[in-house]
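Quick mapping for you: the protein sequence lines, in order, are chains A and B.
Residue 441 in the numbering used here is what sits at position 441 of the first sequence, and the numbering runs on without skipping anything.
Numbers in the numbering used here are just positions in the second sequence, counted from 1, shifted up by 1000.
Bear in mind the hints are in silico, worked out from the structure with no lab data behind them.
Positions of the beta carbon are idealized from the N, C-alpha and C atoms, including for glycine.
Errors might be hidden in some of the hints.
Where chain A lies over chain B, by a calculated footprint (3+ residues, C-beta under 8 Å) [to be verified]:
{"hint": "1", "segment": "1003-1014"}
{"hint": "2", "segment": "1082-1093"}
Label-pair distances were calculated between CB atoms; the ranges are [said to hold, decoys possible]:
{"hint": "3", "chain 1": "A", "residue 1": "K421", "chain 2": "B", "residue 2": "F1062", "range": "23 to 33 Å"}
{"hint": "4", "chain 1": "B", "residue 1": "Q1019", "chain 2": "A", "residue 2": "Q131", "range": "46 to 56 Å"}
{"hint": "5", "chain 1": "A", "residue 1": "P282", "chain 2": "B", "residue 2": "P1095", "range": "40 to 50 Å"}
{"hint": "6", "chain 1": "A", "residue 1": "D129", "chain 2": "B", "residue 2": "G1020", "range": "49 to 59 Å"}
{"hint": "7", "chain 1": "A", "residue 1": "T171", "chain 2": "B", "residue 2": "D1024", "range": "49 to 59 Å"}
{"hint": "8", "chain 1": "B", "residue 1": "Q1019", "chain 2": "A", "residue 2": "N114", "range": "18 to 28 Å"}
{"hint": "9", "chain 1": "A", "residue 1": "P357", "chain 2": "B", "residue 2": "R1118", "range": "41 to 51 Å"}
{"hint": "10", "chain 1": "A", "residue 1": "R426", "chain 2": "B", "residue 2": "I1015", "range": "32 to 42 Å"}
List time: in silico EDC-like cross-link candidates among lysine to aspartate or glutamate, alpha-carbon distance up to 20 Å [stated by the list, open to error]:
{"hint": "11", "chain 1": "A", "residue 1": "K421", "chain 2": "B", "residue 2": "D1094"}
{"hint": "12", "chain 1": "A", "residue 1": "K134", "chain 2": "A", "residue 2": "E221"}
{"hint": "13", "chain 1": "B", "residue 1": "K1005", "chain 2": "A", "residue 2": "E115"}
{"hint": "14", "chain 1": "B", "residue 1": "K1005", "chain 2": "A", "residue 2": "D288"}
{"hint": "15", "chain 1": "B", "residue 1": "K1085", "chain 2": "A", "residue 2": "E221"}
{"hint": "16", "chain 1": "A", "residue 1": "K265", "chain 2": "A", "residue 2": "D288"}
{"hint": "17", "chain 1": "A", "residue 1": "K211", "chain 2": "A", "residue 2": "D262"}
{"hint": "18", "chain 1": "B", "residue 1": "K1005", "chain 2": "A", "residue 2": "E222"}
{"hint": "19", "chain 1": "B", "residue 1": "K1005", "chain 2": "B", "residue 2": "E1054"}
{"hint": "20", "chain 1": "A", "residue 1": "K164", "chain 2": "A", "residue 2": "D181"}
{"hint": "21", "chain 1": "B", "residue 1": "K1084", "chain 2": "A", "residue 2": "E82"}
{"hint": "22", "chain 1": "B", "residue 1": "K1084", "chain 2": "A", "residue 2": "E115"}
{"hint": "23", "chain 1": "B", "residue 1": "K1085", "chain 2": "A", "residue 2": "E82"}
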Amino acid sequence: MIHRQKDSPVLGLDSGSRVAVLGGGPAGSFFSYFLIEIARRVGIDLRVDVYESRDFSRPGPTGCNMCGGIVSESLVQTLAAEGINLPPTVVQRGIDSYRLHMDVGSVRIETPLNEMRIAAVHRGSGPRDVQSTKWTSFDGYLQTLVLNNGAHLVRGRVDSVDFKRGRPEITVRGGSSQDYDLLAVAAGVNSGTSKLFETLGLGYRFPNTTKAFISEYYLGEESISRALGSSMHVFLLDIPRLEFAAIIPKGDYVTICLLGKDIDKSLVKSFLDSSEVKQCLPRSWRSDHSSCNCWPSMNVRGAVGPFADRVVFIGDCGVTRLYKDGIGAAYRTAKAAATTAVLWGVSASSFREHFWPICRSIGRDNTLGRLSFGAVRTIRKARFARRAILRMSTIEQQGAPRLRYMSMALWDMFTGSAPYKDIFIRGLSPRFIGRFLWNMLVSSFPLDGSNSERRL
Amino acid sequence: MGAGKLGKMLEDGEIIFRQGDVGDSMYVIQEGQVEVFVERQGTEVRLRLLGEGETVGEMAIFARETRSASVRALGRVRVLTLDKKTFLTRVQQDPSLAFRILETMSRRIRELSDEVVRLRSEN
Chain A
1 MIHRQKDSPV
11 LGLDSGSRVA
21 VLGGGPAGSF
31 FSYFLIEIAR
41 RVGIDLRVDV
51 YESRDFSRPG
61 PTGCNMCGGI
71 VSESLVQTLA
81 AEGINLPPTV
91 VQRGIDSYRL
101 HMDVGSVRIE
111 TPLNEMRIAA
121 VHRGSGPRDV
131 QSTKWTSFDG
141 YLQTLVLNNG
151 AHLVRGRVDS
161 VDFKRGRPEI
171 TVRGGSSQDY
181 DLLAVAAGVN
191 SGTSKLFETL
201 GLGYRFPNTT
211 KAFISEYYLG
221 EESISRALGS
231 SMHVFLLDIP
241 RLEFAAIIPK
251 GDYVTICLLG
261 KDIDKSLVKS
271 FLDSSEVKQC
281 LPRSWRSDHS
291 SCNCWPSMNV
301 RGAVGPFADR
311 VVFIGDCGVT
321 RLYKDGIGAA
331 YRTAKAAATT
341 AVLWGVSASS
351 FREHFWPICR
361 SIGRDNTLGR
371 LSFGAVRTIR
381 KARFARRAIL
391 RMSTIEQQGA
401 PRLRYMSMAL
411 WDMFTGSAPY
421 KDIFIRGLSP
431 RFIGRFLWNM
441 LVSSFPLDGS
451 NSERRL
Chain B
1001 MGAGKLGKML
1011 EDGEIIFRQG
1021 DVGDSMYVIQ
1031 EGQVEVFVER
1041 QGTEVRLRLL
1051 GEGETVGEMA
1061 IFARETRSAS
1071 VRALGRVRVL
1081 TLDKKTFLTR
1091 VQQDPSLAFR
1101 ILETMSRRIR
1111 ELSDEVVRLR
1121 SEN
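Produce the complete structure using the sequences and hints provided.
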């Protein structure tokens, strides 16, 4: 039986208040971290219990949160400003550039400041056959940070969530029930936990999801450095339903990540068998020799009603960015929820006023993201447009950084470093359009009559 | 630089920025130690040493003035650059992001106040 309280602005947290966090991934850890930090600043001492059944120190699916494992340039900077500096034991490889591969050629696009500003990480302790213990889990690192900050880890599978006298109550399998003043749900979209809340009468509706494909291949650190360097390799190939494909170099492994609509085995095979993929990986690589692979769901349209009195949904089970920078979106929603809970209260009205605007801005940005990916889809199908992108980006890389219109649009689009709105606005600027049209024109009529796109 | 390291590596003695430069970024020290110093009448006066996790050059983010001191690497140092535009955009979205830097600045003002008191007491 659920007894929901009406919106009440007086619901708040005080010293001794108890907070439960369902899920110990980035969203749960960021929420716990900032909740404790902000509460301390205003002199409130909270009890924070993080419920997480996975052990991030274990390799393979049991310790993994199934994700490409990229911490974007903007998030790396933001975390550094927050005092969270990712150590080399967590960063499997610093990324300073990306290489865009198309059927018409490839181009290397460098980071604006020429330094390693993107972190490639393993969410768990690595694929199931991992042998080296040189690196540790990103999720595990954040969890340790949170536990050192005073949170408590409850290692157990949540059996049920209920509401008694308007307060959330959690029961762990084989354990007793605990009631809380606030429940933050950060259970993602790949466990059944978040879906449980649809039936609790909170007004919450689970996000729309699609399938992605992630695969890890062991190639060894030196071999990866030789073949892929410190670049993320992204692909703009004319394969139906494929929105984005990347090969991400990590410590001893490469991660292949495919996003799109209804990714299935035939689409994966088309991609892995493409000459562009084979050219960028070592000759010894075999597509059927993966160490680990998974088909995780990903949020493509945010949840409806991601808050109620004493409940808030953060990260993937709430609202996240379309295709890119899911960890960055987890940080933003988690921090907004934590700030709201400490400073303004835990009622639905508090979350509506202070947390929901962040979710709404991400959701609106995703609308422009859909339009941007629609434009990329059109370009992917038009060979002359692909040639124009290649030509424009290659020429830009030889010139001044401030004149890199196409390179920066692609950089932000593929790395998730800027909101889609920024990319969209830049894409509408007369200078960008003019240069792109000029490059399309030039690319369509090769002066020497040859068809060698690599010659630009 | 190792594969898993973020930022850029500076060699011993390399200058990160010079007094009088126009600043458009600050730096977070990821590894190693830097020396902050001012040049006065041809001599260098060391202001402080900063180490891992500390920020340097943050005044350029908030004040529209040239760099008040120079910073150089003591040994090999790895720093992550936080550019002004990105940082201020983020601060506008989330003002609490500036909190840690304000804490650092407050601590340094306190240290400077203590130094002023010490010098005046000596005189």
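Satisfaction of hint between D181(A) and K164(A), Cα-Cα up to 20 Å:
Answer holds: K164(A) to D181(A) is near 11 Å, not above 20 Å.
Given the hinted pair K211(A) and D262(A), is their Cα-Cα distance within 20 Å?
Status holds; Cα separation ~6 Å.
Would the pair K134(A) and E221(A) pass a check requiring their Cα atoms to be no farther apart than 20 Å?
11 Å, holds
R1118(B) and P357(A) - C-beta distance against the hinted 41 to 51 Å
Distance hint for P357(A), R1118(B) holds at roughly 48 Å.
Against the range 46 to 56 Å, how does the distance between the Cβ atoms of Q1019(B) and Q131(A) compare: consistent or not?
50 Å, holds
Satisfaction of hint between E115(A) and K1084(B), Cα-Cα up to 20 Å:
16 Å, holds
Distance restraint hint 49 to 59 Å, applied to the beta-carbon atoms of D129(A) and G1020(B)
55 Å, holds
Hinted pair K1084(B) and E82(A), Cα distance within 20 Å:
15 Å, holds
Per the hint of 40 to 50 Å, is the separation of the Cβ atoms of P282(A) and P1095(B) within bounds?
With Cβ atoms ~48 Å apart, the hint holds.
Check, residue by residue, whether the segment 1082-1093 of chain B contains three or more positions whose beta-carbon lies closer than 8 Å to a beta-carbon of chain A, and give the verdict.
holds (count 5)
Quick check: does the Cβ-Cβ distance between Q1019(B) and N114(A) fall within 18 to 28 Å?
Holds - the Cβ-Cβ distance for Q1019(B) and N114(A), about 24 Å, lies within 18 to 28 Å.
Just to be careful, I want the Cα atoms of K1005(B) and E1054(B) compared with a cutoff of 20 Å; is the pair within it?
Holds: K1005(B) and E1054(B) sit about 17 Å apart, inside 20 Å.
Of the numbered hints listed earlier, those contradicted by the structure are 14, 15.
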